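With the hints as extra help, turn the sequences into a complete structure.
Next come the chains, spelled out residue by residue.
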Amino acid sequence: MKDLGRIGFTEDQATLLDVATDFCLRRSPVATVRRLMEAEAGHDPAVWAELGDLGWLGVAIPEAYGGSGLGLAEVVPLVEQMGRRLMAGPFVSTTLAAQALIAAGTEDQKREALPRIAAGEAATLALAELDTDWEPDAIACTATRQADGRLALSGRKVLVTDASEARRIIASVRIDGTPALVLLTPDDLPAGALRQETVIDGTRRSFGLTLDGIVLDADRRFDPNRTVAALEHVHLAANLLAAADMVGGTQACIDYTLDYLRTRNQFGKVIGSYQALKHPIVDAYTRYEQARSHLYSAAHCFNEQGTGEIAVRMAKASADVAYSFAADRAIQFHGGFGFTWDCDAQLYRRRAIWHAAQFGDAAFHRKKLARLLF
Amino acid sequence: MSTVDPKDLADFSEQADAWFAENVERDPGFMLPLTFMEVGTDTQFNFLRDWQNKVWEAGYLGAAWPKAYGGGGLPQAFQIAATRAMRKRQGPIMLNAIGLNWAGPLLLEMGTEAQKQAHLKGILSAEDIWCQGFSEPGHGSDLGSAQTRAVRDGDHYVVNGSKIWTTLGRYAKYMILLARTDPSTERKYDGLSFFLMPMKAPGIETVPIRKLTGEHGFTQTFFTDAKAPADGLVGPEGGGWKVAMRTLEYERGARGGQAGGYVSVGANAFDVFALAQRTKRGGQPVLEDPLVADEMVGFLMEIQALTLNGQRTQVPELIADRPQGIPLASKLMGTEMSRRLNDFAVRLTGVRGAYYVDEPEAADNGLWARNYLNAFSATIGGGTSQIQANIVGEHVLGLPKS
Ligand SMILES: Cc1cc2nc3c(=O)[nH]c(=O)nc-3n(C[C@H](O)[C@H](O)[C@H](O)COP(=O)(O)OP(=O)(O)OC[C@H]3O[C@@H](n4cnc5c(N)ncnc54)[C@H](O)[C@@H]3O)c2cc1C
Ligand SMILES: Cc1cc2nc3c(=O)[nH]c(=O)nc-3n(C[C@H](O)[C@H](O)[C@H](O)COP(=O)(O)OP(=O)(O)OC[C@H]3O[C@@H](n4cnc5c(N)ncnc54)[C@H](O)[C@@H]3O)c2cc1C
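Protein sequence lines correspond, in order, to chains V and S.
Using the working numbering, the first residue of the first sequence is number 73, and each one after it goes up by one.
Using the working numbering, the first residue of the second sequence is number 693, and each one after it goes up by one.
Honestly, the hints are just simulated from the structure, not real lab data.
Owing to the predicted nature of the structure, the values given are computational and were not obtained by experimental measurement.
We put the CB at the ideal spot given by N, CA and C, even for glycine.
None of the hints are false.
One-sided excerpt, in silico: chain V residues whose CB lies under 7 Å from chain S: (1) MET73; (2) ALA86; (3) LEU330; (4) GLY344; (5) LYS350; (6) GLN362; (7) HIS366; (8) SER369.
Subject to a maximum C-alpha distance of 25 Å in a straight line, what follows is the list of computed DSS-like cross-link-like pairs (lysine-lysine): (9) LYS341(V) - LYS880(S); (10) LYS972(S) - LYS439(V); (11) LYS892(S) - LYS813(S); (12) LYS440(V) - LYS972(S); (13) LYS880(S) - LYS934(S); (14) LYS813(S) - LYS919(S); (15) LYS74(V) - LYS972(S); (16) LYS865(S) - LYS808(S); (17) LYS1093(S) - LYS934(S); (18) LYS74(V) - LYS780(S); (19) LYS1093(S) - LYS341(V); (20) LYS865(S) - LYS746(S); (21) LYS746(S) - LYS780(S); (22) LYS808(S) - LYS892(S); (23) LYS808(S) - LYS759(S).
Distance windows between CB atoms, simulated: (24) GLY141(V) - LYS780(S): 38 to 48 Å; (25) ASP331(V) - SER837(S): 31 to 41 Å; (26) GLU1053(S) - GLU376(V): 36 to 46 Å.
Right, dumping it as structure tokens:
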């Protein structure tokens, strides 16, 4: 049997978990989450600035490029706590864009972009397309080399998160049939290229991006030799951080439901005393603990060839099942109140669905695991 | 605890591995029990008793118990290494489970000096087999309502009543017994006391009960004016409930201190995976069926999660929110998984799933069906899964009692 991974936890992870637990609790209470959902920007610029000051944007960026040189293992506790507090903002988009740059950016691109990202300039990825599966090389958009050597883009990207704030957008295309990554800036986009999408998770700001009409200098292309590996790396990194957000959310969702089960009375009894509610919430809890164990194994083993991929896919698949189940039951167990906008259960359920629809749901990752393990 | 010299530990591990490699007998010519609850024949019993004794004499059982009581006096890491070697070389189970895993650590923690001197060594050597008298015909999950009576009479108590589902009851020399010394207390729990009961005393009768597998393994135990020595009380008279609860913590693995080794070798997901890899259906590897493959992946994820849960409990920062959560939920998670996993294994064998032990055409001599039926011993014994879910809901998640 292949090595499936194991738990390891660094002092840096412990420190960041501690700081993030406190920070996210204070800066993202649910009333704030709800207020920001209705606001245009969708997040609090002051909090974003603080994240930059705290150095969180540079955690997984090498020191040579202005970061602190840790890894994604150290980003996981931060995102877990953000997910727990349903925190909004372009942190994950930016972190993943930085990962793409680190993995396949040219030296010039890295020198130009990474220090600015570490200092707080938002960035994002434009990878997803409609009607494809979640394979990282499922790309229909193209870039065609013109006579002057420049690249003319074509096609449509979807679910480009935080695109309106991003100073850099990294898009996947095909050039002569081969997967490629290119770097866009807001100046490259014709008017109307971005269209805000209505998405299920109201804490997100997501955009469709029409590439037609965009023309780039050839030096916007990432290193072709490292692109395929970079797409794979970003796919796994995205799933790792999604799992972190989901595990945090699952915990909060269970705690939120428990508060209700401990206080709501029916038939002269607290409803949490009914086993029809007690046993399923215990199920949700055991699934949560399993998902969290997978998460921290995936964080620890992320850079190990082979094992990293197995552990990440297990983490995402496990988190999907845990979060979806906990949030689904959360709605049900709140009765009539569960059907309302004001009940937080729907926020968690929506966030779980959002994550399942991106970078692969549980069934997708289990299918991949079958191929990796058998 | 003294610090561990890595060199000593490495040498010890190597010796243990060599010892088990040489001494394990995998096929003694009859069916070996996979759990201590399955020991049904004298042949099985004698073989396993000798085996445990041999392991103890070699220093690979009770390695971390105090020397004064027959242990090895070594740090726990040594016993862990010995158990690992035992598992690697697929040694048979340790027979005296109730002594090694619950009565023993309980006595180490709460027993009198005389009790420790009298019992711990015999537990390790398998000279004294132990059983547990908690459940009664009328009171199983509701253990606190147990009615077996114990009435003080000078230096002993007179016991009357009946216990049931007594694993190893036919072979045991001692029983940990929960009995009612005072039927008039306001709280039912306050009338219970905890005894170390000699099983060979007059007035004790054990009647075998046949299990769903067709084999024998537990008994009903009847007490008619049987004498329990007063110096065999653990804790004070009327304080038995707390002792019983502590015993259950040891039994469910929520608390450490066990002598080592293992008392069951239930198939894990990797064994079932190996079965799946060598199983064909309609001429095709069964794992090429996407539905079967998906289920198999699910089990591998689940067993991996349970392994990781165990590792995570060693990292205080990662269990800070609910430190007791994983320990208290681990029986529920592990035993329920095992039951579903063995059911899956039976289904994997397709047409052969209809066969049972001893049928020559059965897959692995009917092992999977037997495993599946036996898996219920763990989802029922030691507190049923429903009771475990109540415990997790109430003690970990803070919900009110049902
Ligand atoms: C869309 C919608 C439309 C509605 N329209 C109307 C309407 O027009 N008129 C009207 O009068 N009502 C209406 N209702 C109310 C509906 O009938 C109640 O919501 C429902 O009866 C549950 O009551 P509750 O909301 O107080 O939840 P509670 O009774 O507080 O239940 C909370 C949770 O506890 C569980 N629970 C409660 N008691 C027990 C028990 N004994 N054992 C096990 N579990 C238990 C419930 O299943 C639920 O999961 C509507 C509800 C919805 C969602
Ligand atoms: C193989 C095996 C070995 C055993 N060995 C021993 C032994 O050595 N010594 C010993 O003392 N006992 C032993 N037992 C007994 C075991 O501890 C009991 O069977 C167990 O505690 C359940 O009690 P019961 O059989 O009376 O079932 P009951 O308590 O009558 O339970 C019947 C059903 O009701 C459910 N139920 C009961 N109460 C509740 C509740 N409050 N909420 C929800 N559901 C509930 C149970 O989960 C179960 O499904 C053994 C059992 C087995 C199967």
